[in-house]
Amino acid sequence: TAHALRADNLIAVVDRNLFQANTRTEELIPLEPLATKFEAFGWNVENADGHDFSDLDEVFKRIPNRNGMPTVVIADTQRGRGVPSISERADRWFCNFTHDEIDALIDELHGKDVATLTSETLVVR
Numbered sequence: 010t011a012h013a014l015r016a017d018n019l020i021a022v023v024d025r026n027l028f029q030a031n032t033r034t035e036e037l038i039p040l041e042p043l044a045t046k047f048e049a050f051g052w053n054v055e056n057a058d059g060h061d062f063s064d065l066d067e068v069f070k071r072i073p074n075r076n077g078m079p080t081v082v083i084a085d086t087q088r089g090r091g092v093p094s095i096s097e098r099a100d101r102w103f104c105n106f107t108h109d110e111i112d113a114l115i116d117e118l119h120g121k122d123v124a125t126l127t128s129e130t131l132v133v134r
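Under this note's numbering, the first residue of the sequence shown carries the number 10, and numbering increases by one thereafter.
In short, the hints are calculated from the structure, not lab data.
In this text the structure is predicted, and so the values were computed from the model without any measurement.
The beta carbon of each residue, even a glycine, is placed where N, CA and C say it ideally should be.
Honestly, I wouldn't trust all of these hints.
Unchecked claim - Listed next, with one range per pair, are the computed distances between beta-carbon atoms:
{"#": "1", "residue 1": "Pro73", "residue 2": "Leu37", "range": "32 to 38 Å"}
{"#": "2", "residue 1": "Thr107", "residue 2": "Ala16", "range": "45 to 51 Å"}
{"#": "3", "residue 1": "Asn74", "residue 2": "His108", "range": "49 to 55 Å"}
{"#": "4", "residue 1": "His108", "residue 2": "Leu14", "range": "47 to 53 Å"}
{"#": "5", "residue 1": "Leu14", "residue 2": "Leu118", "range": "39 to 45 Å"}
{"#": "6", "residue 1": "Ile111", "residue 2": "Ala13", "range": "46 to 52 Å"}
{"#": "7", "residue 1": "Ile38", "residue 2": "Asp109", "range": "34 to 40 Å"}
{"#": "8", "residue 1": "Ala13", "residue 2": "Phe106", "range": "42 to 48 Å"}
{"#": "9", "residue 1": "Val54", "residue 2": "Gln87", "range": "19 to 25 Å"}
{"#": "10", "residue 1": "Phe106", "residue 2": "Arg15", "range": "44 to 50 Å"}
{"#": "11", "residue 1": "Ile38", "residue 2": "Gln87", "range": "19 to 25 Å"}
{"#": "12", "residue 1": "Arg33", "residue 2": "Gly91", "range": "17 to 23 Å"}
{"#": "13", "residue 1": "Arg88", "residue 2": "Asp109", "range": "21 to 27 Å"}
Using the sequences and the accompanying hints, generate a full structural model.
Right, dumping it as structure tokens:
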């Protein structure tokens with residue numbers, strides 16, 4: 010394993026956005042407690058806000074001080090952050106948006122009123 014090889018130059022970053030494609034990870038296969046699982050295999054674990062560059066910078070500055078242990082950075086993120094109408098929706102991944110939907114999403118991203126998106130099977134508000 011990476012721990013047995015004393016691979017302290019190995020850094021893995023887990024984008025912990027709670028989704029795997031179009032399914033919540035905990036529905037697919039429970040991952041928590043994720044940090045404990047990495048620690049059990051001899052990994053150093055760091056947690057960070059994956060949307061905060063200064064937090065990520067601080068975490069990466071601490072990493073070189075590890076004693077022969079590989080490191081995993083668990084970056085907590087939100088898929089689609091900044092676009093509330095799709096950020097927590099599993100069904101809005103791997104889908105095609107119409108031109109009207111794209112325009113509405115751009116409006117929402119730029120801080121206008123919450124967009125209303127209509128597709129063949131659902132209405133998102």
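Right, here's what the structure says about each hint:
{"no.": "1", "hint": "Pro73 <-> Leu37: 32 to 38 Å", "in the structure": "holds, 34 Å"}
{"no.": "2", "hint": "Thr107 <-> Ala16: 45 to 51 Å", "in the structure": "holds, 47 Å"}
{"no.": "3", "hint": "Asn74 <-> His108: 49 to 55 Å", "in the structure": "holds, 51 Å"}
{"no.": "4", "hint": "His108 <-> Leu14: 47 to 53 Å", "in the structure": "holds, 52 Å"}
{"no.": "5", "hint": "Leu14 <-> Leu118: 39 to 45 Å", "in the structure": "holds, 44 Å"}
{"no.": "6", "hint": "Ile111 <-> Ala13: 46 to 52 Å", "in the structure": "holds, 49 Å"}
{"no.": "7", "hint": "Ile38 <-> Asp109: 34 to 40 Å", "in the structure": "holds, 36 Å"}
{"no.": "8", "hint": "Ala13 <-> Phe106: 42 to 48 Å", "in the structure": "holds, 47 Å"}
{"no.": "9", "hint": "Val54 <-> Gln87: 19 to 25 Å", "in the structure": "holds, 20 Å"}
{"no.": "10", "hint": "Phe106 <-> Arg15: 44 to 50 Å", "in the structure": "holds, 48 Å"}
{"no.": "11", "hint": "Ile38 <-> Gln87: 19 to 25 Å", "in the structure": "holds, 20 Å"}
{"no.": "12", "hint": "Arg33 <-> Gly91: 17 to 23 Å", "in the structure": "holds, 20 Å"}
{"no.": "13", "hint": "Arg88 <-> Asp109: 21 to 27 Å", "in the structure": "holds, 22 Å"}
Comparing the model with each earlier hint shows no violations; every hint is respected.
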